[in-house]
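S.K.: Protein chains in written order, with the working numbering: chain A, 1 to 391; chain B, 1 to 391.
To be clear, the hints were calculated from the coordinates, so they are not data collected in a lab. Just to be clear, a hint being listed does not mean it is correct.
No distinction is drawn between identical chains; accordingly, a pair holds when it is met within one copy or between any pair of copies.
Pairs of lysine-lysine, DSS-like flavour, derived with a Cα cap of 30 Å [said to hold, decoys possible]: (1) Lys126 / Lys310; (2) Lys322 / Lys248; (3) Lys112 / Lys126; (4) Lys248 / Lys310; (5) Lys340 / Lys112.
Number of protein chains: 2
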Amino acid sequence: MKKNKNEKTDTNSVGVVETKFIVFAGPGEEFKCESGDTLGLITLAYETYGALNRDKTNAILVLHALSGDAHAAGVHAGQDDTGWWDEMIGPGKAFDTNRYFIICSNVIGGCKGSTGPSSVNPATGKPYALEFPFITVADMVNAQRHLVDHFGIDTLLCVAGGSMGGMQVLQWVASYPERVKSAIPIATTLKHSPQQIAFNEVIRQSIMADPAWREGNYYEYGQPEKGLSVARMIGHITFMSDQSMEEKFSRRLKNDKFSFGFDADFEVEGYLRYRGANFVKRFDANSYLYITKAIDYFDLSGAGLIPQGKTVSTRFLIISFKSDWLYPPYQSQEIVRLLKRRHVDATYCELTSTYGHDAFLIEVEEQTTLIRHFLDKTFNGYQVRGHDRIR
Amino acid sequence: MKKNKNEKTDTNSVGVVETKFIVFAGPGEEFKCESGDTLGLITLAYETYGALNRDKTNAILVLHALSGDAHAAGVHAGQDDTGWWDEMIGPGKAFDTNRYFIICSNVIGGCKGSTGPSSVNPATGKPYALEFPFITVADMVNAQRHLVDHFGIDTLLCVAGGSMGGMQVLQWVASYPERVKSAIPIATTLKHSPQQIAFNEVIRQSIMADPAWREGNYYEYGQPEKGLSVARMIGHITFMSDQSMEEKFSRRLKNDKFSFGFDADFEVEGYLRYRGANFVKRFDANSYLYITKAIDYFDLSGAGLIPQGKTVSTRFLIISFKSDWLYPPYQSQEIVRLLKRRHVDATYCELTSTYGHDAFLIEVEEQTTLIRHFLDKTFNGYQVRGHDRIR
Numbered sequence: 001m002k003k004n005k006n007e008k009t010d011t012n013s014v015g016v017v018e019t020k021f022i023v024f025a026g027p028g029e030e031f032k033c034e035s036g037d038t039l040g041l042i043t044l045a046y047e048t049y050g051a052l053n054r055d056k057t058n059a060i061l062v063l064h065a066l067s068g069d070a071h072a073a074g075v076h077a078g079q080d081d082t083g084w085w086d087e088m089i090g091p092g093k094a095f096d097t098n099r100y101f102i103i104c105s106n107v108i109g110g111c112k113g114s115t116g117p118s119s120v121n122p123a124t125g126k127p128y129a130l131e132f133p134f135i136t137v138a139d140m141v142n143a144q145r146h147l148v149d150h151f152g153i154d155t156l157l158c159v160a161g162g163s164m165g166g167m168q169v170l171q172w173v174a175s176y177p178e179r180v181k182s183a184i185p186i187a188t189t190l191k192h193s194p195q196q197i198a199f200n201e202v203i204r205q206s207i208m209a210d211p212a213w214r215e216g217n218y219y220e221y222g223q224p225e226k227g228l229s230v231a232r233m234i235g236h237i238t239f240m241s242d243q244s245m246e247e248k249f250s251r252r253l254k255n256d257k258f259s260f261g262f263d264a265d266f267e268v269e270g271y272l273r274y275r276g277a278n279f280v281k282r283f284d285a286n287s288y289l290y291i292t293k294a295i296d297y298f299d300l301s302g303a304g305l306i307p308q309g310k311t312v313s314t315r316f317l318i319i320s321f322k323s324d325w326l327y328p329p330y331q332s333q334e335i336v337r338l339l340k341r342r343h344v345d346a347t348y349c350e351l352t353s354t355y356g357h358d359a360f361l362i363e364v365e366e367q368t369t370l371i372r373h374f375l376d377k378t379f380n381g382y383q384v385r386g387h388d389r390i391r
Numbered sequence: 001m002k003k004n005k006n007e008k009t010d011t012n013s014v015g016v017v018e019t020k021f022i023v024f025a026g027p028g029e030e031f032k033c034e035s036g037d038t039l040g041l042i043t044l045a046y047e048t049y050g051a052l053n054r055d056k057t058n059a060i061l062v063l064h065a066l067s068g069d070a071h072a073a074g075v076h077a078g079q080d081d082t083g084w085w086d087e088m089i090g091p092g093k094a095f096d097t098n099r100y101f102i103i104c105s106n107v108i109g110g111c112k113g114s115t116g117p118s119s120v121n122p123a124t125g126k127p128y129a130l131e132f133p134f135i136t137v138a139d140m141v142n143a144q145r146h147l148v149d150h151f152g153i154d155t156l157l158c159v160a161g162g163s164m165g166g167m168q169v170l171q172w173v174a175s176y177p178e179r180v181k182s183a184i185p186i187a188t189t190l191k192h193s194p195q196q197i198a199f200n201e202v203i204r205q206s207i208m209a210d211p212a213w214r215e216g217n218y219y220e221y222g223q224p225e226k227g228l229s230v231a232r233m234i235g236h237i238t239f240m241s242d243q244s245m246e247e248k249f250s251r252r253l254k255n256d257k258f259s260f261g262f263d264a265d266f267e268v269e270g271y272l273r274y275r276g277a278n279f280v281k282r283f284d285a286n287s288y289l290y291i292t293k294a295i296d297y298f299d300l301s302g303a304g305l306i307p308q309g310k311t312v313s314t315r316f317l318i319i320s321f322k323s324d325w326l327y328p329p330y331q332s333q334e335i336v337r338l339l340k341r342r343h344v345d346a347t348y349c350e351l352t353s354t355y356g357h358d359a360f361l362i363e364v365e366e367q368t369t370l371i372r373h374f375l376d377k378t379f380n381g382y383q384v385r386g387h388d389r390i391r
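Make the full structure from the sequences, and use the hints.
M.R.: This is the structure:
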């Protein structure tokens, strides 16, 4: 077999992977959004790693954060970038592809292969832009269900993800509790707080303030670069912590002295400008509007996660990070308290990290220990019960 | 005497006040900025409350925050708005106008009567815009010294202020230690951290991203409304705390249901939009750029506050607020540690408040107790020593 030049020699990598697509909700079978609007002909971009076992009991759905995509692990042919959770997914890793079948799909409303506002509206032949229906986290999960059905998987061994991925984890349990054996919501919340809504609102206002946004109809002219760049800069501040910024940048200057002007004097300014400009190249402004609004609407507090009178047998591992001020540990603790009140099997871990919200992507070692052990226990228990059922 | 309709019946108010102006740095006496640039014919807007005593020993300089002004207490004739620290300045209040003579001036670089980028450049007859020299916190303080000299005040009984006002307090001690009997820096820092710089950089980028900013030359066209509004929305998030936002807004909707669109659904969104739009009416975009950059450059750490080998006899009261994450208590503690190492008389108080950074404007009662007692002790000791000197 010809070895691809980019194939990782790293034996812990899933190697070269490919994004695939399913299409559903054709004419007469339109997808009903929570808003009441419908959406036809949905494409879902996804990747898989590892192999689905005969009983289809080893499937894990991994869910991405706001600007993530289906490319969670390995590399694409001819490219160098590894997936966004590559250090967590692979042979012997937290999500061990020698044992489990991992699925990751791009959310609807996104811009990484799944249908979103930048997709062509079959009815007009032009990008949807703001004609795209409003979507919610429940809609994202309902779309993913089609993908899980496509594989003939009845019950997922686990759903796992951080940040908005964690909200989808909780939504999976709320929407399809009997189809989720275990859940790992990381650095997330039961509901967006007013501060979280406030940051997202400023992000949206920054995009919509840019005349190049053109009420969303910018596709033939190019992105609203300046507004989108500022929006992402705001985001980046919230992903880091005061301490991680101090460690990474302190007050170091880009040049050896002050400019006494409005150039980027400090390294942190240069970094934010770079991250902003880079984001413009890779993420659709309208998708940013839709997805931030979807997570602002997210609220599974009260009886949202588990309706009154119902019980849930899903096992939970909840992880938060001490320095995460965007999704602070108290929000994870609220999930834990709610689960405990409803007698759900829940383990909580608050990890010490200075990386702020980014920690869920960076703190590999401790998360690996926790997740590997948790999946082991879930899978072994599941297999035993599975055989019981067969007998 | 005819009673003004707006004259406060509140006996604790300083009543109707007037903003006054001094002009200095005329031809041949140009003001030298820290950047090396010079500035001619500077106007400083100021207000005073209470009376200067015969010995000129009862003068307190109160210093405003980023978007503040000279109007710290009382009301202007025909207007309803009280000054920004009205609850702290007046007869019997923390800064007791029955005992003390309070001065407050608008910083240079500002837009509330003092010379700044929106002022007319005498050399061109047009607003300075970006021709205005870059200013620093030390420049603000040097300009204020002209005002203190104007009153023939040798030594200030106290300099006091919160946030950027607190930086000016520290800068007064650094620049003119022998002229400052006591200092009250509140909710402030010795130097801007990378996170603080990052927020200011996003604020600036938001303004400069607006085409209506026109490289600063917008004065004949009107403010860069959208960019400036978004900039201020970012600021407002940092002034409040997660908890105060929860208490004030929680997830309450403006209307009785979701819009499933990009209108302001949540009260917090409406509030931020309102504050943004309001700011555009009252604050100059270029001043916002200049002043944010001035405080980003601010750094009196190391030997900045007290040069090696020097001693300082200024007494300090340092106040911080538990929920203030913009200028967190650890930054105030750094000031205290530095002062203690240099054997300066320093008292530190971390007040419990949920109001975040805004607390220095809101938490009146506890600040009043602390400040009144501190000023009493300073003034009494000063008077005794004063008489000693006379005898």
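S.K.: State the violated hints by number, sorted upward, taking the hints as numbered earlier in the document.
M.R.: 1, 4 and 5
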